[in-house]
Amino acid sequence: MLDLINVSYDSQIPNNVGLSSDKKVLKALEKWHPGYINWWNDLIPQNFQESMVYLRTAVSVDPKGWAKFDYVKMPEYRWGVLLAPAVEDRRIPMGEHCGEPAWQEVPGEYRNMLKRLIVIQGDTEPGSVEQQRFLGLTAPSLYDMRNLFQVNVEEGRHLWAMVYLLQKYFGRDGREEADDLLVRSSGSEEAPRMLGAFNEETPDWLSFFMFTYFTDRDGKMQLESLAQSGFDPLSRTCRFMLTEEAHHMFVGETGVGRTIQATLAAMSEAGIADPTDINAIRDLGVIDLPTIQKKLNLHYTLSLDLFGQEVSTNAANAFNAGIKGRYMEQRIDDDHKLQNDTYPVTSITDGKILTEDVPALTAINMRLRDDYVRDASGGVGRWNKMIAKAGIEFALKLPHEGFHRQIGVFSTVAVDPDGNIISAEDWAKRRDDWLPTKADGDFIQSLMVPCYEPGQYASWIAPPKVGIDNKPGDFEYVQLHMA
Amino acid sequence: MTTPVKQHLIDPEICIRCYTCEMTCPIGAIQHDDTNVVVDPDTCNFCMDCIPVCPTGSIDEWRVVETPYSLDDQYGFDELPEQGDITLPENAEADEIEALDDAVAALLAEAHKGTGGRARAPATASKPTINLHPLSNPAAATVQGNYRLTDPDSENDVRHIVLDLGRLPFPILEGQSIGIVPPGLDATGKPHLPRLYSISNPRDGERPGFNNLSLTVKREPRGLCSNYVCDLQKGQEVQITGPFGATFLLPSDPNAHLLMICTGTGSAPFRGFTMRRQRERPDARDSLTLIFGARSARDLPYFGPLKKIPEDFMRKEFAFSRTPDQPKQYVQDKLRAASGHIAPLLDNAQLHVYICGRKDMEQGVEDALAEIAEGAGRVWSDMRGTMREEGRYHVETY
Chain L
1 MLDLINVSYD SQIPNNVGLS SDKKVLKALE KWHPGYINWW NDLIPQNFQE SMVYLRTAVS
61 VDPKGWAKFD YVKMPEYRWG VLLAPAVEDR RIPMGEHCGE PAWQEVPGEY RNMLKRLIVI
121 QGDTEPGSVE QQRFLGLTAP SLYDMRNLFQ VNVEEGRHLW AMVYLLQKYF GRDGREEADD
181 LLVRSSGSEE APRMLGAFNE ETPDWLSFFM FTYFTDRDGK MQLESLAQSG FDPLSRTCRF
241 MLTEEAHHMF VGETGVGRTI QATLAAMSEA GIADPTDINA IRDLGVIDLP TIQKKLNLHY
301 TLSLDLFGQE VSTNAANAFN AGIKGRYMEQ RIDDDHKLQN DTYPVTSITD GKILTEDVPA
361 LTAINMRLRD DYVRDASGGV GRWNKMIAKA GIEFALKLPH EGFHRQIGVF STVAVDPDGN
421 IISAEDWAKR RDDWLPTKAD GDFIQSLMVP CYEPGQYASW IAPPKVGIDN KPGDFEYVQL
481 HMA
Chain V
1 MTTPVKQHLI DPEICIRCYT CEMTCPIGAI QHDDTNVVVD PDTCNFCMDC IPVCPTGSID
61 EWRVVETPYS LDDQYGFDEL PEQGDITLPE NAEADEIEAL DDAVAALLAE AHKGTGGRAR
121 APATASKPTI NLHPLSNPAA ATVQGNYRLT DPDSENDVRH IVLDLGRLPF PILEGQSIGI
181 VPPGLDATGK PHLPRLYSIS NPRDGERPGF NNLSLTVKRE PRGLCSNYVC DLQKGQEVQI
241 TGPFGATFLL PSDPNAHLLM ICTGTGSAPF RGFTMRRQRE RPDARDSLTL IFGARSARDL
301 PYFGPLKKIP EDFMRKEFAF SRTPDQPKQY VQDKLRAASG HIAPLLDNAQ LHVYICGRKD
361 MEQGVEDALA EIAEGAGRVW SDMRGTMREE GRYHVETY
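Order-wise, the sequence lines are chains L and V. The first sequence begins at 1 in the UniProt record's numbering and counts up by one. The second sequence begins at 1 in the UniProt record's numbering and counts up by one.
In case anyone wonders, no lab produced these hints; they're calculated from the structure. All of these numbers come straight from a predicted model, not from anything done at the bench. A couple of the hints might just be wrong.
As the list claims (entries may be wrong) - Keeping only pairs whose Cα atoms sit at most 20 Å apart, straight-line, the calculated PhoX-like set for lysine-lysine is:
hint: 1; chain 1: L; residue 1: K168; chain 2: L; residue 2: K294
hint: 2; chain 1: L; residue 1: K438; chain 2: L; residue 2: K294
hint: 3; chain 1: L; residue 1: K471; chain 2: V; residue 2: K218
hint: 4; chain 1: V; residue 1: K127; chain 2: L; residue 2: K465
hint: 5; chain 1: L; residue 1: K352; chain 2: L; residue 2: K337
hint: 6; chain 1: L; residue 1: K294; chain 2: L; residue 2: K429
hint: 7; chain 1: L; residue 1: K397; chain 2: L; residue 2: K294
hint: 8; chain 1: V; residue 1: K359; chain 2: L; residue 2: K471
hint: 9; chain 1: V; residue 1: K328; chain 2: V; residue 2: K308
hint: 10; chain 1: V; residue 1: K359; chain 2: L; residue 2: K73
hint: 11; chain 1: V; residue 1: K359; chain 2: V; residue 2: K334
hint: 12; chain 1: V; residue 1: K316; chain 2: V; residue 2: K328
hint: 13; chain 1: V; residue 1: K359; chain 2: L; residue 2: K68
hint: 14; chain 1: V; residue 1: K234; chain 2: V; residue 2: K218
hint: 15; chain 1: V; residue 1: K234; chain 2: L; residue 2: K471
hint: 16; chain 1: L; residue 1: K27; chain 2: L; residue 2: K220
hint: 17; chain 1: V; residue 1: K127; chain 2: V; residue 2: K6
hint: 18; chain 1: L; residue 1: K23; chain 2: L; residue 2: K168
The shape of chain L in the complex, shown without the other chains (with noise of 0.2 Å):
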């Protein structure tokens, strides 16, 4: 019998999906494996790539068994296939086919759209883990350096994933489009990766928890509204997948936390109460809140523009189709199809910021941001606690959604912060107040020093509160392997 909670080890590919006894997929993936494993080795630095790394490993999908720590070098890390348990009589949760049997097999109408959101949400995962290549060679702890890893090797997983979606019910475009996943590269001028944000550098590590923060936390919310999918087995994929994201969204938030921790740490020893005293609160070795709202700024617009315009009918489409759903659908009180209903947009009229009424089945995508707007709020509350809490009058805010936006109604205009439309020349001038400078760059990049001691932390980030997997504060997270 098929065992479809134990990850299946006999073949060269951990799986729960029953690889061994599909033999033109299993020969597809294996194929497709040594590319994998050449585009890994030439990405990360070889030194970590020998290093010993304390990583999660999922040994199979049920709770009990899908957080396993221990060392592994990464090119030996599992990566495999693995989809929630399916769910017995699942049902098509929206759209025109609500109600019917979730499709087991790729209903042949939906077939370029499905393939086309795959391929999307796949070309994403490497192209992260491309951003980040060269962080580990600066990285502030053992404890962080072990997270990004953990990260990248996730991301990995998760290429794997829609690799496997695409050859398995996609045929030969299907293993043409996988391998195009491994020939694009982040920031190619010959074959960039498909959306923007992940053509930016990472090239610090608050730009990687920014990053892990605004950016992964749209991948949540794409990964959320393809759990809903009427394919089931996209749908499985993507919930296991969630499991992983959350601890993306984790190391995002409190490495963000960690470093206004250190900031406010450096400041109430100094004396210093004047968050926008920059000069000397740099001097601590610390980065001042101000820059770390410019970064905030920066990474949460690139992140919005993700969403797409606000108005979509390839998003209503695609939901009507009940092959994407909105962000928590069985937790929504309507009936699901949207015929009747409208949902309110911004747009620009005369020059004005207006909300105006369409009608929802077009503004999906306007409807996901809007649940990722109050996601991504929280956190930003949680890290203002910390800033109240140590007597510091300062709080970090999510700009209005028109500034800085290449996509959708506010791409035309040029917004402030506080959602006031002026000229695009006001802005220009006013650009270096809101969003990172070459010189806030270059100041960050001079703290990004290594500090590779079991146990020890560079000055820009406080320790975390508590260890991965409960481990001591100076547990040994990656054993480095010094050439």
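Position chain V relative to chain L; hints supplied.
Leaving out everything else, chain V in the frame of chain L:
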């Protein structure tokens, strides 16, 4: 007075509100609003499914309370309340609370995770005393002896440490642990977290009638506390806390069969179990089985004394993974080889299974036991579930 109960809480300062726990909980005990994620004390049955899926560790929080914090209380938390001062009434049925200090409770919850559900004490176990000396009030013990257990030419330095408790009341049961706080401060300037060590002697002392206890400690490279403990000199004073642990205990039933599976210093509690049996029922026959793994005989703690115990008092299997010219043997290999003995034991309603050692032994042992059970036509997960519910399946790994 109301009986104190254990309550599961989530630390709002560490939780990132990803709601993975809520989605994982099989019985809907976890919920959230715009501020916090909370656990319904009336619903949570401590199945522990939410513990491994949490990316932050914020979910691994426990308080012993007389009145549980309501959902409204929890929604109002800005930070987790401290553990209140609770005096456990004499003979309290305070249900298997392992420790009152949350750092220690977290360590024990982690160590018992491999049980696969809520850890339960054997039905006939004596009631343990816990937390007599909390972190805030450690007790002083004096080092009575510190002996190397492994061969001088072994790379492993495992030590038998005897602590004299003087006139200090410190009642322990076999299988319980004590905490040792290494001196000094950590990188954040706070005192170190305690390290837990299993007590390796029976309840009436390392020597009967003496108020002392022993520990089995392996020196870990760069291990802050293990180096401190392994370097202790006779006569030196050491701060101890505890005792801790209320489930990994010995049944009082004299007919219970104990299947003890261990590696390395995981043997410590089993030394206590075995000595208790020797002192209490020296005439017992065929009621103890020990499966013990180490790199080689010279690395195996207590190898000499163990060999002197007659086979009909305790059946012993040693698995050596580094004997020259011999295939590597692990405890799971010995279990499989002894399946003729183990399979009928698994059906014995008086069998108690104990697994103790490094975390990485769990999976192999689990697989071997599953194979043996399934070879006998049984469903291992059901068997294990039943044994656990009845307090007959115990895992303590680190």
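Let me make sure I understand: some of the numbered hints might not hold for this structure. Which ones are they, in numerical order?
When the structure is compared with the hints, numbers 1, 4, 5, 9, 15 and 16 turn out to be violated.
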